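Fit chains B, C and D with the ligands to the known structure of chain A by using the hints.
Chains A, B, C and D, in that order, give the protein sequences. Going by the working numbering, the first sequence opens with residue 1, and the numbers climb by one from there. Going by the working numbering, the second sequence opens with residue 1, and the numbers climb by one from there. Going by the working numbering, the third sequence opens with residue 1, and the numbers climb by one from there. Going by the working numbering, the fourth sequence opens with residue 1, and the numbers climb by one from there.
Source of the hints: derived by calculation from the structure; they are not laboratory data. Each hint should be verified, as a subset may be incorrect.
Unchecked claim - As a list, the in silico PhoX-like pairs of lysine-lysine whose alpha-carbon atoms are at most 20 Å apart: (1) C/K419 x B/K150; (2) C/K419 x C/K466; (3) A/K150 x D/K262; (4) D/K496 x A/K150; (5) C/K261 x B/K148; (6) D/K145 x D/K135; (7) C/K262 x B/K150; (8) B/K148 x B/K91; (9) C/K205 x C/K220.
As the structure is a computational prediction, the values presented were derived from the model and not from experiment.
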Amino acid sequence: MAGKINRIGLEAITYKGGKTTLCAGCGHNAISERIIDAFFEMGVDPRQVIKLSGIGCSSKSPAYFLGGSHGFNTVHGRMPSIGTGAMLANKKLIAIGVSGDGDTGAIGIGQFVHLMRRNLPIIYIIEDNGCYGLTKGQFSPTADLGSKLKTGIVNDLPPIDTCALAIQLGATFVARSFSGDKKQLLSLLKAALSHRGTVMLDVISPCVTFNDHEGSTKSYAYVKEHDDPLEELSFVPFFEDISVDYEPGSTQEVTMHDGSRLFLKKLEEEYDPTDKITALKRLHETARRGEFATGIIYIEPDRDDFLTQLNLVDEPLATLPLSRVRPGPEALEEIMEGLR
Amino acid sequence: MAGKINRIGLEAITYKGGKTTLCAGCGHNAISERIIDAFFEMGVDPRQVIKLSGIGCSSKSPAYFLGGSHGFNTVHGRMPSIGTGAMLANKKLIAIGVSGDGDTGAIGIGQFVHLMRRNLPIIYIIEDNGCYGLTKGQFSPTADLGSKLKTGIVNDLPPIDTCALAIQLGATFVARSFSGDKKQLLSLLKAALSHRGTVMLDVISPCVTFNDHEGSTKSYAYVKEHDDPLEELSFVPFFEDISVDYEPGSTQEVTMHDGSRLFLKKLEEEYDPTDKITALKRLHETARRGEFATGIIYIEPDRDDFLTQLNLVDEPLATLPLSRVRPGPEALEEIMEGLR
Amino acid sequence: MAPTDVALQEQQRTSSRERVVNDFSIQVATVNGSGSQTANLVLLRSILLMGVPVSGKNMFPSNIAGLPTWYTIRTSKRGYIARKKEVDFLVAMNAETAKEDVLTLDPGAAVVYDEPLKLNTLRQDLVFYPVPFDKLVAPVCPDAKLRRLVRNMIYDGVLAKLLGIDLALMEKALGKQLGKKAKAVTLNAGALKAGWDYAEATFTKQDPFVVEPMNETAGKILIEGNAAAAIGCMMAGVTVVAWYPITPSSSLCESLIGYMKKYRVDKATGKATFAIVQAEDEIASLGMVIGASWAGARAMTATAGPGISLMSEFAGLAYYAEVPAVIFDVQRVGPSTGLPTRTAQGDLLATAFLSHGDTKHIMLIPSSVEECYTMAQDAFDLAELFQTPVFVMLDLDLGMNNWMSDGFTYPNRPINRGKLLTQDNLKSLGEWGRYKDVDGDGIPYRTFPGDGMTPYFARGSGHNAKGQYSERPDDYVDNMDRLVRKFDSSRAHVPKPVVEVVPDAKIGFIGYGTSHWAIGESRDQLREEMDVKTSYFRLRAYPFTDELVTFIDAHERVYIIEQNRDAQLLQLMKLELSPERQMRLRSVLHYNGLPIDARSVTDDVLAQEGFEVAKKNVRTGASSGMTGGE
Amino acid sequence: MAPTDVALQEQQRTSSRERVVNDFSIQVATVNGSGSQTANLVLLRSILLMGVPVSGKNMFPSNIAGLPTWYTIRTSKRGYIARKKEVDFLVAMNAETAKEDVLTLDPGAAVVYDEPLKLNTLRQDLVFYPVPFDKLVAPVCPDAKLRRLVRNMIYDGVLAKLLGIDLALMEKALGKQLGKKAKAVTLNAGALKAGWDYAEATFTKQDPFVVEPMNETAGKILIEGNAAAAIGCMMAGVTVVAWYPITPSSSLCESLIGYMKKYRVDKATGKATFAIVQAEDEIASLGMVIGASWAGARAMTATAGPGISLMSEFAGLAYYAEVPAVIFDVQRVGPSTGLPTRTAQGDLLATAFLSHGDTKHIMLIPSSVEECYTMAQDAFDLAELFQTPVFVMLDLDLGMNNWMSDGFTYPNRPINRGKLLTQDNLKSLGEWGRYKDVDGDGIPYRTFPGDGMTPYFARGSGHNAKGQYSERPDDYVDNMDRLVRKFDSSRAHVPKPVVEVVPDAKIGFIGYGTSHWAIGESRDQLREEMDVKTSYFRLRAYPFTDELVTFIDAHERVYIIEQNRDAQLLQLMKLELSPERQMRLRSVLHYNGLPIDARSVTDDVLAQEGFEVAKKNVRTGASSGMTGGE
Ligand SMILES: Cc1ncc(C[n+]2csc(CCOP(=O)(O)OP(=O)(O)O)c2C)c(N)n1
Ligand SMILES: Cc1ncc(C[n+]2csc(CCOP(=O)(O)OP(=O)(O)O)c2C)c(N)n1
Ligand code: SF4
Ligand code: SF4
Ligand SMILES: [Mg+2]
Ligand SMILES: [Mg+2]
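So here's chain A without its partners, still in its complex pose (with noise of 0.2 Å):
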């Protein structure tokens, strides 16, 4: 789509990044263009936008899109405290985390947990390969059971599931995709910038160089095996106005915070996804048979966000003059007259 221009006029290459350093067919470049996809066509002004992630092959990605973006490539499990300082800072701003497995699920948990729980206005993707992948393939925390390392070592304890976790703590999106499924893989993003709130997204996101052989349950030949899509996902943005008719029961319209539509064409009954038990029980249903449930596996559009309860000033708090942040003298006095 090079020349192409999106609706704020700019193309698709103001949307690329530097070049990657990643293995060749590591999912998560995969995913890297997908971002590029999705902000070029949303729209999305990259100067309001910040780059997030811990440490790990799959941190350093954000390096390799949105080029013209503020970004910070922190330590390793602590991007979502940085996260939740810098929209503090700013709430105009759009944050993308980009965190692995690893960063997540083992040293990150803690403070994976305590986003999840605030809600806080993100977008935070877990590039999920089951394997550390930048410091050679050991297991991570979303290993499932009985999967082979190359070394022959079978992983024998139970995999952290991100999603559920994530819907039990109070996320208001959840999704799971696979780095190789463009098409869910766009839609789940332009959704996710639709939404206001915490979007957690877990992107199954092969490692071809450690995590990819027979016998490892995170590799390309394994997922797409075993992926199982909750729905048809079809996103109408909201600055496109497309009717979309189909036939009621069918499918679940869902209106995100900025208007977008959301259209999820059932592919079997009664899945609903605004649903916590229905999201959850589905969730272990699919673990058991061994496969991953993707798409939009919980969603809940209106929700006061973390910096709404925080009730802040509309204006960023970054850059507010001096004048509304220092109280003026006869505060002083007051607070000096009540010590006396």
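The following block gives chains B, C and D with the ligands in isolation, referenced to the frame of chain A:
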């Protein structure tokens, strides 16, 4: 029961600890008493027990029971790793850890998550008062939505349900109780001593000084009001051979790892604590009603615990003789040869 | 001061029957959670209102209720507000400790006690005033549940009578303390009166201690250092606060919350010009602060030693990625959990080099509540000026105890946000590089998200002057050398020491933080009792400034006085001082968890100076002697 | 050594046409993930098998595949195994860096390169050997997928021919490297041969560099420090290991896993006499180690700088509750994430005082793979002897690079578990107290769960000699003073320095860790080139031992050579040395992430000694001059 002797010939007094320094009426003190009773009645040898805790009023309590056992009052939120190490060193020990809702839910949630995953043999008790007692009453992550502090501040973050979390993550014995319910708590503690694997016991334990007022959802009054027991428990230890008869269907019998038997008399139709999904569903429903489901929420009596998975020698690693932990000269020579 | 005072002091030492006016200490021994704090503060303020310099220190246990607590009030006509070792007037309310409390008193001390305790039999050389608190409280407080609290007010009344404190002023203090709570005021006022009446009817004054009106406290305030720091933060325009409760720092953030809700909510919209978040732990707290500062806010956190340890990794990120951060460390006794409710200055060394690799951090060290207020403001300016973490090192004594002070003055300068890239300076700068040392002071220009200027990618990994990822040896060395230049530039901007060089004094004292108050008093003691002259250098920041060497060169022996075991400031100085100068340094250490007192300093210095001194009371853990040797 | 060698060296410097035998360096420039490691190791070992001293260093990027990597092999008839700055023989396989790689060579160097790169046009003063790798690989490796890997073996064949390495020995090395994998062996052997044949058919030797058989490597092994440390841990009887992956420490635990599975599984039962757990992070790792040690196991973890920072709080707990712990810090370049795949000695200062409050920690510092093996064992004994954390400070260069060494000798002593309370010593002890200083060395007797002895309650909060909770000032001071005694007692037990005092040398060198190898070579350079004599003190542990002052006193000027920016060891020494001694100290610093080399040391010292020297190549970040002054 002074003077009474248990099956290993010890008096109840042997199971007592130092004088409590907690507030009079603190729920934590009641829990300490139940722990003393349970260990006495089950005839556990105090010399085999290790008492562990983090930091908080709750975490002080191990000093107030089982004075004849080793104890370690560690640092804030990190007791799980200390306990894991100790059990690795000596698989024959019986570990009881006492934490608080802040110690576990806030700074400690990361280690909590991974402890539950590993199914380490330990009895992990959260003395849950919805606040940070020792730092004077701030909200903790288990504070319920809408609960009010004395200062009038209202909690607007969703609580972390430690039981739901523990079930989801792999704990094999998950229960909730109330410091005020002597009978239920005692049965649960005895059953816990018969289980091999992680026992996660969330005991609602009102803080009389900072969180026992009107408007608090963790006050004695409120909890009494909203306690919703899942079943009527009776526990028959392996060393007492009593036959219990019940009309079939009405009661579920669970045989514990040590042969003790647990009878769950259903208080309503169809609650099966051996099914994860039912358990999670139930927890969410009760929570929605603003109630606390108490009793055994989930139990899986025979999954391998962490130490079993590690396939350790039968003796404690801590005291293996040099001959068994230092390979002979031929081993070293073999290694050297490989490097020439 | 007039020689007569000295004379008078001398006499006190000889005969304790002489009247001792406005120069004694009162200790109230009770259990925590018994609500004695109101009574103590009312007593404290009533003396202040009489124009007499006063200070109050609480020695409390690390639990919530039921354990022994001692509250000490010191009156000092000479304005000494450090801890005084000796207790002159004891109020014994706690059965558990009463015996030991009485036995450790100096002869001539006075004791008000709860009659049933029968303490009068314990010693002959004290003055005893038994008070039947329960009998007295019943009539004035019909509601039995409230008596536990109200009963304490009775000893205030008794003391007012015995010490000669104006009852009206005490009632005024009571009003101030309880504010609007009318019912509580009447109840407590009744108790006050009951105590006064009982004392008047029952006791004849036998002890020498009296409070007489002075005019030394006009306009003075009573405040804790944590509250003072909070006011400073608000005035500094802090917008983002992330914290995790920990004694003794919690009250800094909690009083900040109070002030911000009152003065930083937009009148028109009712919306907040700030965000204060209780984080899940200290790692997250500092993470939020770094994230907020990186995004352009003025952000802070407050913690104590254990939190500092947990912040190590993030402190290194902020140092290396050059993100401002303001961190208050209200120091308590370590290592580990240590004594959480006792005071110390034990985190200096760990903080100066916090985090792995080659790191160095700026520290500000206030001695007074007033400096808590001003340095809080300095901290934000310095953090943004040098784009690095700034640690403000309070301690429990300063942060949580009640200090008398002049009222704070309104800031006379706007805030300084440091080198921000703007359209204007961009021209002059030519090509911008996030980590380019344009001005030779090592300080680069920064941008932040949403400021409309050039974005950059911040990272804790290797980078070049343009902020691009780099593993090149020369890029790394250039950047690390610039960071040293930047740190050295800060020497010219951190608060300068307060120096008093006394003509032909051979001895110099170097102190910091709360040790200041004991040092001042000790210098008087040395001069008046032993005719030993001393100069004084009060350090206020790390890194050090030029004044340090000048001071050392001007004295033969320099005593560095600290409240830690390992002489941490002395160690930091050795790293920078020439060997010649190190030869002059000596060390006075006090690290038993109690606030340092003048007598301990005096005795220690005299001993090192070769005088005969009899050490007494609890050991303070004073180590001595030449510090240079192996 | 014979004077002729010196003569020969001299000539090399003047004319590079002379044959240079067993004294040059080869650099293979490739991209990581291209499987060149096998080829490099085969080349390395083949030279070793020729009896020639050799060493291999990998300079790799912080990613997994596709970025530039340089592997350097140094042959040295004199046994120098430090990094050599100059590259004499380049194998240019990486298009991306080929140009810069060639341009930075010294005149007279030789270049084997991939023909399509056409590097020969770049310079006239080098010797070029173009090799059409793709053409050559096709016939020997039909399976196209495997060619990427096999292709590298071709340059081994070419080098064998050009340098005169015995092809048979290279095939032997290949067999050793690939072990059982028969198919791979044949494939690669084919490639080797193809390279050799092509070189033989095509090239006439024009460069001076040759390998000639020697007899200097009989019985020598090739190993990385991390593997050596792992063997040491196994021999020390470690039973519990908790770790979290981080470069450059991961391979320590991973090789330990390999060895333990092989040698520590009970033959009879097939059950493990050890537990190795991959924890969720470094905090948990140290927590597990502390828990295990408290319960009586020998426990360890391994990490790098960021992990050390995260371990701060727990390190303080172990120090204060007095629990043994063995922590390997394989140092990389900080601060923060820094340069994760580069080497440094930058964590000393942070580790010595790790955690808030007054803390001090024991550190062991190995210089060789052999010491990684022995000190791993010392660490466990010392940790239990002193009931405190012991840090073993490796660095990336030592831990991850290939070092030549004598085989390790079997431990000649049983393990020492320190002061455990037993029925026997209980009698002699009288009443036992967990923290009682019975023997005057500050070391108390301990018990652990399940040992049948008296239980106690361990805590990070205040306690008395009996281990009971206490907030008493005197209990606190007594305990803290004992901890200092205990720390000082350790001076007599930590590994002593290795000292070589040269008659009438005015200059002394102090070095530690991997700097050792560059220092030895530099001392030869100074002696041979400038006739400057130097003594040498190799530090092996903190706290320091008496030998330090003796050494300093014996020399006019003492250079402390380190691989960090802030002269961290020098700083630690200043804290303990008398001013007079500090006057003699100078500093040589190398902190650009590359292993320190002899020439940098020599140049820096000569400059400080006032000789004329032309600095060249990349800056190493050398700082100089008197360190005492402000
Ligand atoms: C505190 C700390 N501990 C350990 C490391 C080493 N480390 C770097 S990346 C990583 C794991 C990365 O795994 P994941 O998050 O799944 O990312 P991936 O590489 O698989 O995309 C680890 C352990 C570190 N950088 N910091
Ligand atoms: C690292 C660290 N941060 C903070 C503290 C201060 N602190 C002590 S107890 C506590 C919370 C205790 O709450 P909880 O675990 O619920 O125990 P409770 O007192 O309510 O029983 C905190 C924050 C600490 N001791 N260590
Ligand atoms: S190692 Fe794995 S995760 Fe890392 S870049 Fe390569 S393929 Fe991707
Ligand atoms: S403060 Fe609350 S939690 Fe702590 S001891 Fe008192 S009642 Fe219990
Ligand atoms: Mg991963
Ligand atoms: Mg609590």
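Checking one constraint from the list: CA of D/K145 to CA of D/K135, max 20 Å. Satisfied?
It holds: about 15 Å lies between the C-alpha atoms, which stays within 20 Å.
Can you confirm whether the C-alpha distance between A/K150 and D/K262 stays at or below 20 Å?
holds, 19 Å
Given the hint that B/K148 pairs with B/K91, test it: the Cα-Cα distance must not exceed 20 Å.
violated, 44 Å
Does the alpha-carbon distance linking C/K205 and C/K220 stay inside the 20 Å limit?
violated, 30 Å
D/K496 and A/K150: Cα distance at most 20 Å?
Violated: D/K496 and A/K150 sit about 44 Å apart, past 20 Å.
Against the 20 Å threshold, does the CA-CA distance of C/K261 and B/K148 hold or violate the hint?
holds, 18 Å
C/K419 and B/K150 were given as a pair; does the straight-line alpha-carbon distance stay at or below 20 Å?
violated, 45 Å
Has the given pair, C/K262 with B/K150, been kept, meaning a C-alpha gap of at most 20 Å?
With Cα atoms ~19 Å apart, C/K262 and B/K150 stay inside 20 Å; holds.
Has the given pair, C/K419 with C/K466, been kept, meaning a C-alpha gap of at most 20 Å?
holds, 16 Å
In terms of the numbered hints stated before, the structure departs from hints 1, 4, 8 and 9, listed from lowest to highest.
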